[in-house]
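K.L.:
The whole structure should be built from the sequences, with the hints applied where relevant.
If you read the protein sequences in the order shown, they are chains V and Y. So the first sequence is numbered by our numbering: it starts at 1 and just counts up by one. So the second sequence is numbered by our numbering: it starts at 1 and just counts up by one.
Honestly, the hints are just simulated from the structure, not real lab data. Please read all numbers here as calculations on a predicted model, not as lab measurements. Beta carbons are placed, not taken as given, at the ideal position from N, Cα and C, and that holds for glycine. Any given hint could be a false lead.
Claimed, not checked - Facing chain V, according to a computed beta carbon distance under 7 angstroms, are these residues of chain Y, among others:
id : residue
1  : V52
2  : H55
3  : L61
4  : T64
5  : L71
6  : P72
Claimed, not checked - Which residues of chain Y face chain V? A partial, calculated answer using Cβ under 7 angstroms:
id : residue
7  : F54
8  : G65
9  : P73
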Amino acid sequence: MVDFAKVPTNVGFFTPERFEGEVHDCEVLGQVPRDLNGTFFRVGGDWLYPSMFPDDAPLNADGHVSSFQFRNGIVSYKGRYVRTKRYEADKAANRQLYGYYRNPYTDDPAIRDPERPNLRTVANTSPIVHAGKLFALKEDGLPHRIDPATLATLGTWDFEGAWKSQTFTAHPKIDPVTGEMIAFGYEATGLASDDLFICTIGKDGKVKHETRAKVPYVSVIHDQAVTQKHILIPFGGYTTSLDRLKAGKIHWGWDQTKPSMIGVLARDGDGKDIRWFKGPERCLMHTFNAYTEGSKIVLYAPFYESNFFPFFPPIDGSPWNPQKAKAYVRRITLDLKSKKDTWTEEVLWPFNVVDLGRIDTRFMTLKQRYGYTGYADPKRPFDEARAGNLRGRVTNCYGRFDFETGKLNSYFAGPTHSLQECCFVPRPGGSEEGDGYLIGVASNYAEMRSELIIADARNLEAGDIARVILPFRSSAQVHGLWADASELA
Amino acid sequence: MSGPRLTRRDFLARTTAAGSLAGAGLSLAWVSAAAPATNVVAPRIRKARSVVSFHLDQPYLDPTGEAIPYLPPAGLRGADALARLSAEDLFRLPL
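P.N.:
What follows is the structure, given as structure tokens:
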């Protein structure tokens, strides 16, 4: 019998969904723009069975992919689990077989296989569409191909044998100029390995360039940034080792003595030429974008002061510090002519934000003006009686951050809502940066349901144009992606 | 079947009340009894003062007990009270 009561964090709105389904022609408040013709894909985690350990990371939940398909002002929803080997094994056993996040040594002996840790991936982090294919990604395994119409899992994908790393990033970047996808895999040759493989995949979906490098220390390399000339590999603070894993600990711990790092490599360069820049204690997780200008690289990123995951504890035994688990919108400048291997950093807004930064991806790799992400505005109203004691603790706003002027435009979701990652959707026929829609799923804690928000990205203060109402909680997304209908044709 | 007909709403209301009483006696010292046997002894949080708090839009387990607790709204829709009950307890509820 399944019993989620043993996992104390699976409570209230955060109780696992554990079903698959679809809603044709969803209920809508307002008017869905009729020019939106495509699909908003989301990937997140939803436990099929309770975690083996109550203090495990929610990042270990089974991958769940969902879609909001837009056609002529009508929106339809689908949601399905990603059929990973792990999902199938658990389902066959009718219980959880897998232990801590990315630690196969804690798995049930029946399936334990530390030599092939990528077989236990849950594919729960992000979707990507490239060369007409949809994938569900997680950085500890290979991409899973997903049928974009049915969301059926079609199996893992190694680019016809050309992808050699055991792992594939959850954040490949697509160059809008060339159509190329830049991707990497870390811990590429096994658990706690210091191997980093970096590849360029042509717009035809074939690997056209691969290079390999060693990292200064093994850490989470969750995201990257790509310019027209360079690839940036940021990380910092988290560490692991085989000894740690064999001791039965969760994969990552935080080492505050470790510097933050940004590796810089020419787009067509050799991995042995990667240049590592060092910074202060920081948690470098997601990026907005970067561009190269002369000898300088400018990177916009909502990096954290320190460890932001409470379930990856400090390795020195000290308690996790929520006061340092704050992300700020930063502009980081790396000077390739400088002999100093460090960078300059500016905090552009004085308040902390959610680090799930997005841009108008038509300007990825290029100099761009706007970034979008959520943040908590404690001055906005919150209905604690209906939504719980979360005043000041929920993401109630989306912001458009103007990197040129410092101006902030805000969208407020309502007094019982929390916003998941947003996504910018270009207005069809438009070409100016920022001309489009900002969409994202809101959790309505009072009504116990999920709502897809659609707002005008150039007029956020006006509120939403439309809300697509789901009559249930859709599993929380980690990342989402808009794909125009033509991209999947 | 005899006796007054019980509506689903009444059932849930009574069950929630019973669940709340049962839940009040629960300790936060969770044991992973569901975990199958492994030959690795994983470190686990066992402090009785652990608290479920909230960070970045999701609950987390704070082993220090110093974080602000997360208290979801009272109500029936989350079925939280039901989730705390074993099937045996559920069927023994006085209805």
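K.L.:
Against each hint, give a clear statement of whether it holds in the structure.
P.N.:
Cross-check of the supplied hints:
A least Cβ separation of about 5 angstroms between V52/Y and chain V falls short of the 7 angstroms threshold, and the interface hint therefore holds. Nearest Cβ of chain V to the Cβ of H55/Y: about 6 angstroms, under the 7 angstroms cut. The hint holds. Hint status for L61/Y: holds, given a least beta-carbon distance of 5 angstroms to chain V, under 7 angstroms. Checking T64/Y against chain V by beta carbon gives a least distance of about 5 angstroms; that is within 7 angstroms, so the hint holds.
Here the hint on L71/Y is kept, as its CB sits about 5 angstroms from the closest CB of chain V, short of 7 angstroms. Hint on P72/Y holds. Least Cβ distance to chain V is approximately 3 angstroms, under the 7 angstroms limit. At its closest, the beta carbon of F54/Y sits 5 angstroms from a beta carbon of chain V; the interface hint therefore holds under the 7 angstroms criterion. A least Cβ separation of about 10 angstroms between G65/Y and chain V goes past the 7 angstroms threshold, and the interface hint is therefore violated.
The beta carbon of P73/Y comes within 5 angstroms of a beta carbon in chain V, closer than 7 angstroms, and the hint placing it at the interface holds.
Of the hints listed earlier, the one the structure fails to meet is number 8.
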